[in-house]
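A.B. asks: So the sequence shown is numbered by this note's numbering: it starts at 2 and just counts up by one.
FYI, nobody ran anything at the bench for these hints, they're computed from the structure. Incorrect hints may appear among the rest.
No farther apart than 25 Å at their CA atoms in a straight line, the calculated lysine-lysine pairs in the PhoX-like style are these [said to hold, decoys possible]:
1. 65 to 34
2. 23 to 67
3. 34 to 67
4. 45 to 96
5. 45 to 67
6. 65 to 45
7. 34 to 96
8. 96 to 65
9. 47 to 96
10. 47 to 23
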Amino acid sequence: MLSELVYLSFRSAACTDNDVQKILEEARQFNGKQDITGVLIYSKEKFLQVLEGEQDQILALYEKIKLDDRHARALMVSNRPITERHFPSWQMAEKAINTDDYAFLSAMNEEEQAQFKALLDGEKQNNATKMIARLFA
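Please take these sequences and the hints and turn them into a complete structure.
C.D. replies: In structure tokens:
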């Protein structure tokens, strides 16, 4: 079953920018082989990631991520079946943000901006992927 998993984790203090680039390289190689797509949004403090693929594969990947010492305190924000991918051609897109100052490429009203801030704070959001996609389109 095609599914989407969104998680938030804290970036460990020892995780350098080079480590983030390694994460992205590893993800692109692994995800391409597993037909997993998604996006990684990161700051100096946090990771926010959307994973799309078969349910068992993205759950197994999430368990692997939780054991990665570059992440701390992973929190699953959502895990749900989907009928189509939001990021179909991206084995792992990326966007670096400053969690205090970020810009969306498409307009968001104040309520949506507050919901995105709540998502960055680890609160579950029903439309998390839609908000994340607006950082790119």
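A.B. asks: Run every hint past the structure and note whether it holds.
C.D. replies: Results for each hint:
no. : hint     : in the structure
1   : 65 to 34 : 16 Å, holds
2   : 23 to 67 : 16 Å, holds
3   : 34 to 67 : 21 Å, holds
4   : 45 to 96 : 12 Å, holds
5   : 45 to 67 : 18 Å, holds
6   : 65 to 45 : 21 Å, holds
7   : 34 to 96 : 22 Å, holds
8   : 96 to 65 : 22 Å, holds
9   : 47 to 96 : 12 Å, holds
10  : 47 to 23 : 16 Å, holds
When the structure is compared with the earlier hints, no violation turns up for any of them.
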